[in-house]
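Student: Single-letter residue listing:
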Amino acid sequence: MGPDTTVSVRGLTRDFGSFRAVDDVWFEVHTGEVFGFLGANGAGKTTLIRMLCGLLEPTAGTATVCGLDIRTRTRDVRRIIGYMSQKFSLYEDLPVRANIEFFGGVYGLPRSALKRSIARLTAELQLEEYASAQTRSLPLGIKQRLALGIALLHNPSVLFLDEPTAGVDPIIRRNFWRIIYDIAGRGSTVFVTTHYMEEAEYCNRLLIMHQGKIIETGSPSELKTRHDRPTIRDVFIRLISERMQEENAV
Amino acid sequence: MRQVFYLMQKEFRQIVRDRFMIALLFVAPLVLIFVLGNAVTTEVLGIRMVFYDGDRTPFSRELLAHFRDSRYFRIVGYESRYRELTRLMDRGEAQVAVVLPAGFQRDILRGSAPTVQVLVDALDGNSAGVALGYVTDIVRRFHKQAAVSMPLPVIPTGGRRVAAETRFWYNPNLESRVFIIPGIMAILLVITTVLLTSLGIVREKEIGTLEQLMVTPIRSWQLIAGKTLPFCVVGFIAAILCMVFIRIIFGIGIAGSILLLAVESVLFILTTLGMGILVSTISHSQQQALFIAWFFMIFGMILSGFFIPIANMPPLIQVLTYANPVRYYMTILREIYLKGTGLSDLVEETVALAVFGTVVFSAAVLRFRRTLR
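Keeping their order, the protein sequence lines are chains A and B. Sequential numbering of the first sequence, starting at 1, is according to my numbering. Sequential numbering of the second sequence, starting at 1, is according to my numbering.
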């Protein structure tokens with residue numbers, strides 16, 4: 001484990017009954033990286049993220065986040081990570097401000113720090129005008145920005161974003177990525193899962209999963225050179241179709 | 001501790017915004033009191049009575065007036081021939097016949113015991129017993145008023161000549177709603193706590209906020225406290241409203257110690273909150289939770305002695321009721337509410353509630369913690 005390693009995954013495996021969703025996965029992520037998980041639906045991206053956040057217990061293997069073992073130091077890990085799930089999961093029946101205050105309070109932030117954090121984030125994410133709006137009434141793009149803001153309230157060292165841009169239009173998506181870069185620029189490590197291939201190009205490093213296994217890893221440019229393809233989309237399609245052919249041959 | 005405060009604050013904000021909850025909180029006690037307080041009644045009104053006066057004295061007419069004034073009786077005949085009585089009873093025109101023999105007044109004035117015969121149509125055994133009770137009560141009161149210290153024997157037909165004086169304590173008019181009404185509080189607490197707790201947790205599961213909470217460093221006891229205490233408060237508000245309505249509508253106050261009632265209610269709520277949490281851990285949707293919660297609630301209510309006296313149940317079912325925490329709370333409520341019974345006479349029930357509360361709540365917390373990981 002290098003000195004700037006934030007997340008170190010060692011043989012993580014997760015079974016659901018007889019189905020192996022994540023199969024003996026090993027990798028390391030460096031501080032300040034924007035690290036992308038690519039894969040088709042059911043490739044194991046979400047299961048992997050949920051294990052890293054302490055939401056699912058690994059069947060085998062383990063991982064450390066900032067040197068803390070996710071199996072034994074779960075609560076300490078939770079203090080330093082932020083998580084934004086695939087599904088918008090805030091209280092829709094409360095105003096935006098109440099949601100922010102609530103999660104800030106649950107993280108145990110002192111009142112003054114919470115106040116500063118709220119002021120900074122609402123400005124950065126351009127949420128001021130929505131502060132007293134009913135959460136239910138917000139457009140999807142704003143909701144996702146709000147969810148991101150809440151995941152950032154306690155200044156996490158590692159941020160896990162599970163398909164943060166699913167269903168929003170390209171302009172909002174680009175805006176969202178700008179924010180992700182800002183976060184990484186301040187020294188946080190960002191995990192992103194996505195199945196928008198053009199988004200994958202924005203990541204510093206990529207990990208491509210297929211049926212619970214890592215089938216390729218590297219920076220976007222490395223991958224494109226290695227597989228002699230102009231875009232990540234082409235790299236991905238090539239890798240997956242090779243796999244499928246192999247499987248069919250067997 | 002601050003985390004618990006934030007959780008509770010959030011929960012209350014949601015409750016206040018939820019019109020359905022507010023309606024449930026205020027309307028449910030009222031509706032329950034009105035409907036259950038009036039519908040579940042074993043009270044018998046307007047019993048058709050025939051009066052045989054073999055004495056024909058001021059005293060005998062005075063006693064008749066007592067029956068006439070009572071809302072429990074309607075005098076359908078005033079006979080002087082015994083055979084007419086039998087005819088009216090046979091045809092079901094009269095349900096009760098009161099027979100005053102000649103010498104009724106004389107006996108009272110002499111200070112010896114006069115005899116009164118009461119014939120009751122006992123086809124409906126319950127009503128017959130109740131009717132006999134009313135007759136006994138009125139005759140006794142008349143006797144007392146006549147300022148004579150000798151007890152008045154009332155001899156049901158075919159009975160032995162034993163002078164028995166019956167007095168119905170705590171509920172002198174045998175009004176069933178007096179018995180039913182305190183139980184409504186138990187029903188209300190069960191509904192609010194079991195249902196709201198389980199639905200509240202499962203809803204967070206459904207919309208994913210529970211997961212969002214689980215990635216925060218919050219401890220499971222904080223989550224449980226923050227999730228259950230608000231519903232405790234809601235349950236108690238409903239219960240207090242219930243008591244106020246009972247006082248206003250039926251004029252029934254609490255005979256015993258309110259503090260004791262409160263303490264027993266907290267013990268009871270421990271069980272129902274535990275049930276709520278348990279239900280939430282085994283259900284994946286609000287519909288499922290609702291179904292499972294109803295299942296337990298129906299059992300809890302029927303086997304509590306609220307509708308059906310436990311003594312009337314078959315022995316096997318009676319044994320089952322001992323496994324029902326609502327049964328003990330129902331007894332406690334009635335005892336404190338109507339009789340003013342103190343803790344010293346409720347030790348068994350209190351211990352039972354405490355044991356149930358501890359076991360169910362701990363089991364719920366353990367299971368909930370397991371689902372969190």
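Don't take every hint at face value.
Unchecked claim - With a straight-line Cα cutoff of 20 angstroms, these simulated SDA-like cross-link-like pairs (lysine to any residue) come out:
1) LYS205/B / LEU56/A
2) LYS339/B / ILE252/B
3) LYS205/B / SER8/A
4) LYS143/A / ILE207/B
5) LYS87/A / LYS339/B
These aren't lab readings, by the way, just hints derived from the structure by calculation.
Student: Determine for every hint whether it applies to the structure shown.
Tutor: Okay, the hints, checked on the actual structure:
Taken as a hint, the LYS205/B and LEU56/A pair is honoured in the structure, with Cα atoms around 15 angstroms apart against an allowance of 20 angstroms. At most 20 angstroms may separate the alpha-carbon atoms for a hinted pair to count; LYS339/B and ILE252/B meet this at roughly 12 angstroms. Taken as a hint, the LYS205/B and SER8/A pair is broken in the structure, with Cα atoms around 30 angstroms apart against an allowance of 20 angstroms. Among the hinted pairs, LYS143/A with ILE207/B is consistent with the structure: their alpha-carbon atoms are about 14 angstroms apart, no more than 20 angstroms.
About 56 angstroms separates the Cα atoms of LYS87/A and LYS339/B, which puts this hinted pair outside 20 angstroms; it is violated.
The structure is inconsistent with the numbered hints 3 and 5, although it conforms to all the rest.
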